[in-house]
Structure formats: C-alpha cells, structure tokens
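Trainee: Below are the chains, spelled out letter by letter.
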Amino acid sequence: MTELISDELPITRQNPFDPPAEVTRIRETARVSRLKFSDGHLGWLVTGHHQVREVLGSPKFTNNPNRHHLLDIRFQGEPPKERRQPQPGMFLSQDPPDHTRLRRMLQGQFTVRRMNQLSEWIGTIVDDQIEHLRSLGGKADLVTEFALPVPSLVICALLGVDYSERDRFQEDTAKLLSLDSTFEEAMDAMARIQVFMRELIARKKENPGDDMISDLVATGEPTDEEASNMAMLLLLAGHETTANMLGLGTFTLLEHPDQLKILKDEPEVIDNAVEELMRYLSIIHFGPVRTAAEDVEIDGHLIKAGDTVLLHVPAANRDPEKFTGNPEELDLRRPASGHVAFGHGIHQCLGQQLARIEMRIAFARLFAAFPDLRLDIDPGEVPLRTDMGIYGVHSLPVAWSA
Amino acid sequence: MRISVDQNKCCGSGMCVLTDPDLFDQNDEDGTVVLLVEEPDAAHEATAKEAAGLCPAGAITVS
Chain A
141 MTELISDELP
151 ITRQNPFDPP
161 AEVTRIRETA
171 RVSRLKFSDG
181 HLGWLVTGHH
191 QVREVLGSPK
201 FTNNPNRHHL
211 LDIRFQGEPP
221 KERRQPQPGM
231 FLSQDPPDHT
241 RLRRMLQGQF
251 TVRRMNQLSE
261 WIGTIVDDQI
271 EHLRSLGGKA
281 DLVTEFALPV
291 PSLVICALLG
301 VDYSERDRFQ
311 EDTAKLLSLD
321 STFEEAMDAM
331 ARIQVFMREL
341 IARKKENPGD
351 DMISDLVATG
361 EPTDEEASNM
371 AMLLLLAGHE
381 TTANMLGLGT
391 FTLLEHPDQL
401 KILKDEPEVI
411 DNAVEELMRY
421 LSIIHFGPVR
431 TAAEDVEIDG
441 HLIKAGDTVL
451 LHVPAANRDP
461 EKFTGNPEEL
471 DLRRPASGHV
481 AFGHGIHQCL
491 GQQLARIEMR
501 IAFARLFAAF
511 PDLRLDIDPG
521 EVPLRTDMGI
531 YGVHSLPVAW
541 SA
Chain B
165 MRISVDQNKC
175 CGSGMCVLTD
185 PDLFDQNDED
195 GTVVLLVEEP
205 DAAHEATAKE
215 AAGLCPAGAI
225 TVS
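The listed protein sequences correspond, in order, to chains A and B. If you're matching positions, the first sequence starts at 141 in this note's numbering and goes up one per residue. If you're matching positions, the second sequence starts at 165 in this note's numbering and goes up one per residue.
Check each hint, because a few of them may be wrong.
[As the list claims (entries may be wrong)] One-sided excerpt, in silico: chain A residues whose CB lies under 7 Å from chain B:
{"id": "1", "residue": "ARG244"}
{"id": "2", "residue": "GLN247"}
{"id": "3", "residue": "THR251"}
{"id": "4", "residue": "VAL252"}
{"id": "5", "residue": "ASN256"}
{"id": "6", "residue": "SER259"}
{"id": "7", "residue": "ALA297"}
{"id": "8", "residue": "ILE486"}
{"id": "9", "residue": "GLN493"}
[To be verified] Calculated cross-link-like contacts (lysine-lysine; reagent style DSS-like; alpha-carbon spacing at most 25 Å):
{"id": "10", "chain 1": "A", "residue 1": "LYS279", "chain 2": "A", "residue 2": "LYS404"}
{"id": "11", "chain 1": "B", "residue 1": "LYS173", "chain 2": "B", "residue 2": "LYS213"}
{"id": "12", "chain 1": "B", "residue 1": "LYS173", "chain 2": "A", "residue 2": "LYS200"}
{"id": "13", "chain 1": "B", "residue 1": "LYS173", "chain 2": "A", "residue 2": "LYS279"}
{"id": "14", "chain 1": "A", "residue 1": "LYS200", "chain 2": "A", "residue 2": "LYS401"}
{"id": "15", "chain 1": "A", "residue 1": "LYS279", "chain 2": "A", "residue 2": "LYS401"}
Quick caveat, the hints were computed from the structure, so don't treat them as lab data. As the structure is a computational prediction, the values presented were derived from the model and not from experiment. We put the beta carbon where it would ideally sit given N, CA and C, even for glycine.
This is chain B alone, in the form it adopts within the complex (with noise of 0.2 Å):
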C-alpha cells in the first residue's frame, strides 16, 4: 500500500492524526498534514484507509 497527500487540498483538520500518528503529521505553521510513511506496513493499513475516508478534504488517497 501506499499513501500520497495533497497538502493544497488540506484544511488542517488533524483528523489523519487522531486516527494515526504513526502515519501522519501536521505542520505546526499553517497544520498541514506532514506524511510519516509512505508504505505503511500491514499492521497500519487499516489506519491509513480509514484516514483517506475520513480526511474533510479528501487530501489522502491510498493505492
């Protein structure tokens, strides 16, 4: 799997962050998102969906 993000797209709404810090960031200057890793392993796959789906923005996408 891998993660891309748009940070244009961003709104800055931490929601990639509550659902994992492991994967996602946010810039402390303007709270966009900073992207951890690329290729989460397994064990962070299900994380990273669900913050694609929940991103406000539609910033995350997952391939």
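Bound-form chain A, shown alone (with noise of 0.2 Å):
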C-alpha cells in the first residue's frame, strides 16, 4: 500500500476555531498515514474519528513517555537529548497497572453523582464571579475575570489549596505548558510546582481538611510522592482546560450569533450545546501521542512495536464518518456526544463530568447574565494561544451594557 507521509506535523491555522487545513487534507487522503518525527523515526499520525478511538482504546499501546518519540514543536525545536522517566503518581503518563491503582484512588470522588451535587455550589462561584464582572462597569478582560477564576476556584477549592496562593503555581504552570518554554524553564517551573505540592501534602497530613487531597493522603494508600504528583495533575488538570473553554467557547458563540441565538432562546440546549464546543474545538492542538507496545493492525496499517502514534483529536473531532451534517460547521443541535476532546481509553478525563457541569453552569449564565455580551476588540486581534499546549485564547476583551 502507498502511504502517505507527512515529513512534519501541520500545526498552522488558518481561522481561530478550526484545525489546520492541511491536517484536515491529510485525513481526506488517509485517516492512518505516516509522520516523521524530529528524531527521525518514522511514525504515525492517525486523524479518523475511529481510528483514533481504535487506538487509544487498545491496550497494545502505552502511554509511558519514556517509550515515545518526539516532535520538535515544543521546547524551541530544541527536544530533551534523554526521554522522560514517568513520574510516580503521574498515572497520566503510566500503563497499567500502576495507572488503574492510582486512577481508583481518586475515580470515587469525579463521578456524575458527586459532580452533580456540587452543581448549587458551582452556580455560586459563577454568579458572584458575574457580579464581580458587573462591578468593572461595561467592559472587561473575560479571561482574566470570569474564564480562568471560575475553574480555578473549583479545583483550589475541592483539592484543599488556598486560592490565595494561586499565583505560586499559575505562572509555573503557564511556564510547564508553553510551547516556547526551553526544556530546562519548563522542567524548573515543574520542580517549583512539585515543591509547592510537597508542601500542601505534608499541610494536609498535619491539619487535614474536608477536600479532596486531605481524603487521598488520609487512605495511606498512596506515598507522599504518588500523592504530590496526583495533586499536581489534578491542579493543572483542573484549571488549565476548563479556563481555555471558557475562553474561547465564548469567543466562539461571539462570533456564531445564529448559534448564540439558539442558545439564548432555548435554554434546555446547554448540556448539548458544551458536547458541541468540545467537539468543536477540541481545545489542544494536536495530539496524544501513543507508541505500540507490540505489533498491532490499525485499519489494514500494521503499526510495528515501538512506533510511536500521533492522534490527532482535532481532526476526529471533524471526521464526516462520524458527525452527521456538515462537522466543519458549528451546530448546537448536533448530536455530538462520541467526541473524543475529553479522549478515549483508560486515561479518558478523569475530571470530565466536573467540567461538563462547570461549563454548562458558566456558558449559561454569562449569556443571561449580559445578554448583549459582544466582543471589544477587532476579531482578528484576538491574541490566540498558538503558543501554548493547551489552545484558547490569552484574553478576550468585552462589552456590555451595564
């Protein structure tokens, strides 16, 4: 079989919402085709909605960093010269069965029923947010004031961390998941969050509280390291996607009023609506990556043991052998549930159904809130988050009425 191969990965958009249009060619050609990486392993770039799902739900992948080759879009074209050891903890980056035992410990206190009662809650955080909003008068960065606070008052909130002391692991964070960030600054930004999550664990064993990271260090299950890195994961988790949704969801229905119009005028399409966004935009670039563990068929493609897989979630996310319609067109009625922005597989978002509620409580409200929300700033200035692991948008100027 001919295979088409990519000798690097297309990361340029043309439009602030859609994948890059090359990627968006590739997968018309093949939804399996090859990709060099900057080690010059030939690998695999898999961009079909099935596909995708084929992979990530097969366990003859591992999702061990060690194991995978890399791009050299990160780090200033510059790549690590060692791969990374997976950090104890880091059940993201572990296989079974390290990542089930880790994963149980915390599975209990994310399911729909515990999300679904902290919905009053969560509504509380979000009105007063809007009220502080109300008080800047008519116009504000949306970012700064509503996106980012509301999912980080949630996570410090119910992991036990004083939101005052954000500020000591937010620009650490933005420093760990910046592209442009050099190998060295963003290993130094995650040594200084790691110190941050020493401490709060060894807070919690002294003066335990009612949260989440106090409940996981009191099972004695996991070892202080385990725990400070689950901490971690969660921290960075928890606001750093929900932020970027917000964000630029907004800018989305913004720039979609016939969408926004749908939603204003029929309330019960939110829980759909969120589905949509997600499958909309994804919200990474690219990605993730897996390598086969042993030789595997994907699609009629033998995928050889170590060959490493890019799968590109933007791209199953617009895949026309699975969304109905026109999937390059923004539609909150669509059915989309089936998406795979919060992944597949045994490393699916642990924290999805939180995020589901947080975003459904937080569109809805903005929106009826300030119903003549709209954009203060040129849509074409709108600075993007090119830049950064996780897509958005730095800041979001708007207006309203006040």
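Join these two chains into a complex; the hints should help.
Mentor: Here it is, written out as structure tokens:
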C-alpha cells in the first residue's frame, strides 16, 4: 500500500476555530498516515475518529513517555536529549497496573453523582464572578475576570489549595505548558510546582481539611511522592483546560450569532451545546501520543512495536464519517456525543463530569446575565494561544451594557 | 437485550451514568460501574447501546 508521508506535523491554523487545513486534507486522503518525528523516526499520524478511538482504546499501546518518539514543536525546536521517565503518581503517563491503582484512588471523587451534588455550589461561584464582572462597569477581559477564576476557584476549593496561593503555581503552570519554554525552563517550572505540592501534602497530613487531597492522604494508599504528583496533575488539569474552553468557547459563540441565539432562546440546549463546543474546539492543538508496545494492525496498517502514533483529536472531532451534517460547522443542536475531546480509553479525562457542569453553568449564566455581551476588540486581533500546549485565547476583551 | 459490565476494565469515566442513570450507577468508593438493570426494557435499549459504545474502557457489552 502506498502511504502518505508527512515530513512534519502541520500546525498553522487558518482561523481561530478550525484545525490546520493541511491536517484536514491529510484526513481526507488517509485517516492513518505516516509522520516523521524529529529524531528521524517514521511514526504515524491518525486523523480519523474511528481510528483514534481504536488506538486510544487498545491495550497494545503504551503511554509511558520514555517510549515515545518526540516532535520538535516544543522546547524551541530542541527536544530533550534524554526521554523523560514517568514520575511516580503521574498516572496520566503510566500504564496498567500502576495507572489503574492510582486512578482508582480518585475515581470515587469524580463520579457523576458527586459532581451533580456540586452544581449549586458551582452556581454560587459563577454568580459571584458574574457580580464581579458587573462591578467592573461595561467592559473587561473575560479570561482574567471570569474564564480563569471560575475553574481555578472550583479546583482550589475541591483540592484544599488556598486560592490566594494560586500565583505561586499559575505562572509556573503556564511555563510548563508553554510551547515556547526551553526544556530547562519547563523542567524548572515543574520542579517549583512539585515543591509547592510536597508542602501541600505535608500540610494536609498535619491539618486535614474537608477536601480531596486530605481524603487521598488519609487513605494511606499513595506514597507522599505519588500523592504530590497526583495533586499536581489534578491542579493542572483542573484549571487550564476548563478555563480555555470558557474563553475560546465564548469567543466562538460571539462569532456565531445564529448559534448564540439558539442558546439564548432554548436554554435546554445547554448540555448538548457544551458537547458540541468540545467537539468543535477540542482545545488541544494535536495529540495525544501513544507508542505501540507490540505489533498491532489499525485500519489495515501494520503499526510495529516501538512505533509512535500521534492521534489528532481536532481532526477526529471533525470527521464526517462520524459526525452527521457538516462537521466543519458549529451546530449546537447536532448530536455531538462520542467526540474525543476528553480522550478515549483508560486515560479519558478523570474530571470530565466536573468540567461539563462548570461549562454548562458558566456559559448559560454568562449569556443570561449579559444578553448583549460582545467583543470589544477586532476578532482578528484576539490573542490566540498558538504558543501553548492547550489552545484558547490569552485574553478576550468584551463589553456589555452596564 | 442483556447488559453486562466488567468492573476490572472500568475506568470510572461516568459516561454510562451520564447516558442513562436508570441503567447505570457508580460505586462511591472507586467510581466503577454498578449495573442497575440487567435486562433493559425497550425504552432503554437505545441508551444501553449508546452507553456501551461510549464507554472509553470497553467495560460494557450488550447482547
């Protein structure tokens, strides 16, 4: 079989909301194709929805980072000379049985029932932040005044991190996740976050509170090192992702007035609207990555043990073989479930039910509170997070009638 | 139709409960799936299939 080979991963977007057109063209030609990695490895690029699910759902692939070949998109084009060893407790980059053992310590905290029980409390946080916006008059940066504070307040309270301490880790989080940081800068930032987390674990052992970290530590199951890395993972995952969905999602809705009108006229559409925004935006530029632990056939292609596979979630979420109508269009009424924006397989987002509730409440109440919310900047001037591992907007100047 | 679940495979995503809380629940301890109805009536067959298809860990089968 003749295979399509890409010498590098296309990463340039033609507009703020769509994946790079070149990636879409690759999917139209071959949902499984070859991709050159920066160390010369000839790996794979998977852009089809069904195929992405198949790889992410297969136990024949490992997510151990020291097995992955790297792309040179991060670290200013200079990938680290040595591959990273997985850190104890970072279950996102571990395989079973370690992954299963660690994730199960947390799964009970994120059930649908528990998250539903938080709705009212999350509503209070959103309402407070809306009152804060009102107090600013008729204009504000939606990211710093709403999109970032809401999920940060939620995850800090759930984990038992004092919100006033967020400056200590938010700057380092940004450095860690920035595509422009050098490898050393990213690792230094991670080391500082780890110090913060180790201190947090020590404090929770001394003075337990009514929070997830205290509960986790009290089980006596994880080691201190595992607990601090698990807490770090939750903290990073809990505010960066949802914050960017709220910022970019608001930008998207403001630029699709017909869809925004549906949301305002039919409030019951909100649950599906959140799924559709997740499908449409995906929030990551590309990825995740897996490496075959043994030979495996995917869609007629033999992926050999040791081959690294880049799954392209944004491309998969626009795959017309999966999504009906025109998947390139935002359609808040479209059946959007089955999108892979939260991933698939055993690593699928642990906090997804929390994220759903945060987004449903935040989008619904934001547009109900400010019916004439509008961009206060030329849409072409909105600073996009093309430089960050997690996509979104750096800021979103908005205005409303005070 | 008959539903079966595999707690060992389950990763506690909650997708089944989100899809049909009449059929599925989650264990409070480790978030793994609890099957509430083994043989769904006709009104729940479609959501049972959907839940099986959405499960990220392939822990739900319908036959």
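Trainee: Next step is simple, just say for each hint if it's right about the structure.
Mentor: Now the hints, each set against the structure:
1. ARG244: Hint holds; ARG244(A) Cβ to chain B Cβ min 5 Å, cut 7 Å.
2. GLN247: holds (3 Å)
3. THR251: holds (4 Å)
4. VAL252: holds (4 Å)
5. ASN256: violated (9 Å)
6. SER259: Violated: closest Cβ of chain B sits about 14 Å from SER259(A), beyond 7 Å.
7. ALA297: violated (20 Å)
8. ILE486: holds (5 Å)
9. GLN493: Holds - the Cβ of GLN493(A) comes within 7 Å of chain B, reaching about 5 Å at its closest.
10. LYS279(A) <-> LYS404(A): holds (21 Å)
11. LYS173(B) <-> LYS213(B): Distance ~18 Å between LYS173(B) and LYS213(B) Cα, so the pair holds.
12. LYS173(B) <-> LYS200(A): Since the Cα atoms of LYS173(B) and LYS200(A) sit roughly 15 Å apart, the hinted pair holds (cutoff 25 Å).
13. LYS173(B) <-> LYS279(A): Distance ~49 Å between LYS173(B) and LYS279(A) Cα, so the pair is violated.
14. LYS200(A) <-> LYS401(A): violated (45 Å)
15. LYS279(A) <-> LYS401(A): holds (21 Å)
Of the numbered hints stated above, those contradicted by the structure are hints 5, 6, 7, 13, 14, listed in ascending order.
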